[in-house]
Amino acid sequence: MSEMPSVQGGMEVGLPRLQFVNPATGEVLKEIQLTPDMLTVVPPEAPVSEER
Amino acid sequence: MASGIPAATKTAFLAGQIDSTDTFKAALFTSSWSEATATYSTTNECPATGNYTQGGVTMTGWTVSTSGTKGIIDAADVQWANLTASFRYIVIWDDTNASDRIVAYYDVGAQSVTGTTVNVIWPTANDTSAMIRFA
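Protein sequences, first through last, are from chains A and B. Residue numbers for the first sequence follow the working numbering, beginning at 1340 and rising by one. Residue numbers for the second sequence follow the working numbering, beginning at 800 and rising by one.
The set of hints was computed from the structure by calculation and includes no laboratory data. Fair warning: there could be bad hints in the mix.
With beta-carbon atoms standing in for the labels, derived distance ranges [to be verified]: (1) B:T865 x A:Q1372: 24 to 30 Å; (2) B:T923 x A:N1361: 23 to 29 Å; (3) B:S833 x A:L1368: 38 to 44 Å.
Computed from a predicted model, the values in this text were never measured in an experiment. Note that beta-carbon positions come from the ideal geometry of N, C-alpha and C, so glycine has one too.
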């Protein structure tokens, strides 16, 4: 009887992006993109994507 | 730093105890919160000050679909407006589940904001990046 192949995968989370906004001006003060190993801080002047 | 899904939650999904029609909430917790926590409580949650409401914000647009060979979950982005708080974890929990199961948690590093609107923008809902994926 042959060995069954292993199945990879499982239940995973996708990592969000955090945006810190001045509520008075709408200015994006800071963005954080979560990554598996670290936090990547996106400079405030970087364009803000509305893509979802 | 880590983000993940409690093991007990995986079992709850398999047992049908977490349903897509449930009420899911996103809450903010301090650095004292433990990733070993499997159910929601106010212990180590941000206090109800600075425009933060304990329990968190009710999530909308919770959808389950298929992408490629994976089942995926997506939801509308979450916002805390004009927030003054110190937090490290964003915790999604099921307010309908009898045990108030934590569905997922995200370590965002120690953050401290004063009168700042915080937006949580979930990744693109596909088989490689959706907020929750079943392979």
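Here is what the structure says about each hint:
1. Taking the beta carbon of each, B:T865 and A:Q1372 are about 26 Å apart, inside 24 to 30 Å as hinted.
2. In this structure the hint that B:T923 and A:N1361 lie 23 to 29 Å apart at CB holds, the actual value being about 26 Å.
3. A beta carbon spacing of about 29 Å between B:S833 and A:L1368 contradicts the range 38 to 44 Å that was offered as a hint.
Hint compliance for this structure: hint 3 alone is broken.
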